[in-house]
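Can you build the whole structure from these sequences, using the hints too?
Just so you know, the protein sequences line up as chains A and R, in that order. Each residue of the first sequence is one higher than the last, beginning at 1 in this note's numbering. Each residue of the second sequence is one higher than the last, beginning at 1 in this note's numbering.
Incorrect hints may appear among the rest.
Copies of the same chain look alike in the list, so a pair counts if it works inside one copy or between any two.
Said to hold, decoys possible - Straight line, CA to CA, 25 Å or less: simulated SDA-like cross-link-like pairs of lysine to any residue: (1) Lys174 - Asn57; (2) Lys355 - Glu287; (3) Lys262 - Ala289; (4) Lys350 - Ser235.
Hint data in this document are derived by calculation from the structure and do not stem from the laboratory. Computed from a predicted model, the values in this text were never measured in an experiment.
Protein chains: 2
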Amino acid sequence: MASPAVAYARQNQQRFLSELKDLLRIPSVSTLAEHKNDVQRAADYVASELRRVGMENVEVIPTKGHPLIYADWLHAPQMPTALCYAHYDVQPPDPLNEWITPPFEPAERNNNLYARGAVDDKGQLWMEVKAIEALMRGHGGELPINVKFLLEGEEEVGGESIADYIRKQKRKLKADFALVCDTELFAPDLPTLCVGLRGLVYTELEARGPKTDLHSGMYGGAAPNPFFALVEILSKLKDESGRILIPGFYKQVKAPSPLELKAWKRLPFDEEQYRKKEVGSKALVGESAYSVLYRTWARPTLEIHGMPGGFTAEGAKTVIPARARAKVSMRLVPDQDPNDILDRYQAYIKRVTPKGIETRIKLWSKGQACVVPTDNAYIQAATEALRAVFHQETVFIRSGGSIPVVTDFYDVLRIPSVMMGFGLPDDNLHAPNEKFHIPNFYRGIESICLFFENLGAGS
Amino acid sequence: MASPAVAYARQNQQRFLSELKDLLRIPSVSTLAEHKNDVQRAADYVASELRRVGMENVEVIPTKGHPLIYADWLHAPQMPTALCYAHYDVQPPDPLNEWITPPFEPAERNNNLYARGAVDDKGQLWMEVKAIEALMRGHGGELPINVKFLLEGEEEVGGESIADYIRKQKRKLKADFALVCDTELFAPDLPTLCVGLRGLVYTELEARGPKTDLHSGMYGGAAPNPFFALVEILSKLKDESGRILIPGFYKQVKAPSPLELKAWKRLPFDEEQYRKKEVGSKALVGESAYSVLYRTWARPTLEIHGMPGGFTAEGAKTVIPARARAKVSMRLVPDQDPNDILDRYQAYIKRVTPKGIETRIKLWSKGQACVVPTDNAYIQAATEALRAVFHQETVFIRSGGSIPVVTDFYDVLRIPSVMMGFGLPDDNLHAPNEKFHIPNFYRGIESICLFFENLGAGS
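This is the structure:
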């Protein structure tokens, strides 16, 4: 591991950590209006450091919400271009009284750094910035590849501005791949790359029955009840085994490769522990022919999130409501097309809508699944970097959720994302006593250095 | 029709109407705190008139809410005792700008008296009071039967006080039947007695899945979703034809007599008109082997009124909620026992609760159906009185709803109710421009006079 960048990073660990603490002291809580200036201050702190370490064209870009940060360094012709993403905003710190040390006064305990944003995502953002510094210093003021930065301050509040910006600035953001540092290791000391996310179609299904709310005593037995209609329709969407009944729904589903499946089986995963500690239910459900990881990472699902309408307050009211709604989403996997799925869903709902009822479907969002093949050159280069740092084989996992910015990189910019994250499952994201394991902060910096060096060497 | 009471009533029609207008000027809106004194004033006005016409032991009984009024006259040994019920509170008058004349300034137009409470229920209460005056005056200061009054001021807000009072004062309220004047004619000029009400079991079914709300991306496909569990359970409660699938649910159902069914077929009822004007839906639903009136009056039903839980605000949130609930009620018919039905419902829910889910059932209310046979002596005496007044045969209808006070008279006092009402289907109850057709006010007074005279004569 004769990397001049890694050598520099090792010599400067204490300073890097100390700078991160300064960033963590800025309470950049994006959801609270009273912290608007703090979010701006955090953006300025990051932008000025990007300038200091040698990035060019650094901009703090005003938006309707909180600023975006752009920067680039594009002096490596013939070399690939990375688009580095992270976010500098944080979740609110409540409940405050559960913090052992105050959320915005970073404290070290047991080799962990405790603070709001330590791992989500300021610590991981700082890894990217410090890797650039180490690469510049280690390579005589040059980077081994071209690098762009796009950082946001609204990740915890929906990320609307970055989504707009990506759509408007396709040329400016042109790159070969994105580096996204906002995820975690599957287990401690286990180098992990997330190579797949499920897609999403989120709808609201409305059923209309009588023209106004009716008394269920007077009209029960003759008037169509939109809640019963929804129950009838929803019960036909998925069977008891978890299989979705919309015709053609599984037609395009592409299974993970045998190699990927084999790798998942080797992951340290205790299903009983997962049921008890994470889910906390009497049993797990779903398609029994597939493992839990397979079901949540690579099988589509259909869920109901809420059913607004009618009488929901305390007590009893005998109403047949005029309307009722159900919030229904579908998670998609490769190669399901969200538009095709939406069409099939709509056609099927129309077909199973019972007599006397009108249904309408509202679309709230849609995005396709994205999966990067593990033999992708960028994934390969990242894998080698991780191996060198952790002295362990990298595991490739997926996530059942959707990371909108990754979907936008995939859909709009047409580039794959290398989701390289160094958090741990017990890092208390969004909760009191959020932490970042300090050795993972250093490993992150080194991994990024090696990753970019590998790409620069054309390995 | 040589009734001295009716003769007196006819001579005093204008005064009776004028007194009713005075009562209607008092805005006794029971649900609005700012009208609490007005409700009290209305009670005092009615009580003082009961005293004036010759009723004894008149009490205005304070309660936690609005006062009850009690009165009696018990000097007809060997004769039956009537318990007269009505209510003196009214609905709020909003929206005010839709009233042609102000709601608390009674106005006559086209032989109708317009005011909030005109028909619901001050006008019908006043019929009862004025019938007593006419009977007293026509019979030399005596009544043909024993009479008790129990009037309330909380009918529009749940009637809690009267329910308590009935349970505590069974001896004091002992009677042979109740006269309830708070319903309507099936059609104009068609004398109507309501002889049946459906019972009710109202529950809240809760399903619990994960210990906390989970992200549907991360956990969808493995974590049990309580909304899907409810959908699965509810879809097994009733089939598409409206038939309830709880084993033994129909075991005790007693069909109406062939005579009653034959009579319903003769009622002026236009199903298409009902669908378009009253229900306003694309189609009517329910068990097709039964007519609409049969289905809503004499067949049990099961309805969903609301499904609280999860995410119900505008937009999309990808949550698998820890809990979800459904408000489910069943309307019962003779001779279904609410306790037996509740047991069967609970056992069946338990049986169909899917894997991974716990269900709990909360009972909000229960009451049995009550039906008075049409050959009952009080119904017969009322029928004859109506025939004499309307010169038409009386129709016997039922109502699909439940009138709690009638259920209490039946369950607690063990007496049948003669539901003799003189409203019309277009009287705008609970709506702007509520009215009472003035000839029906007079017919009501005369019908009660003849009804009590018939009973006094032992007819």
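Status of the hints after comparison with the structure:
1. Taking the shortest Cα distances, Lys174 and Asn57 sit within 25 Å of each other inside one copy (15 Å), while across copies they are farther apart (93 Å).
2. Taking CA atoms no more than 25 Å apart as the test, Lys355 paired with Glu287 passes between copies only; the shortest distance there is 13 Å, against 31 Å inside one copy.
3. In this assembly of identical chains, Lys262 and Ala289 lie within 25 Å of each other by CA distance solely inside one copy; the values are 15 Å within and 58 Å between copies.
4. In the homo-oligomer, the alpha carbons of Lys350 and Ser235 lie at most 25 Å apart both inside one protomer (14 Å) and across protomers (18 Å), since each shortest distance falls under that limit.
The structure is consistent with each of the numbered hints, conforming to all of them.
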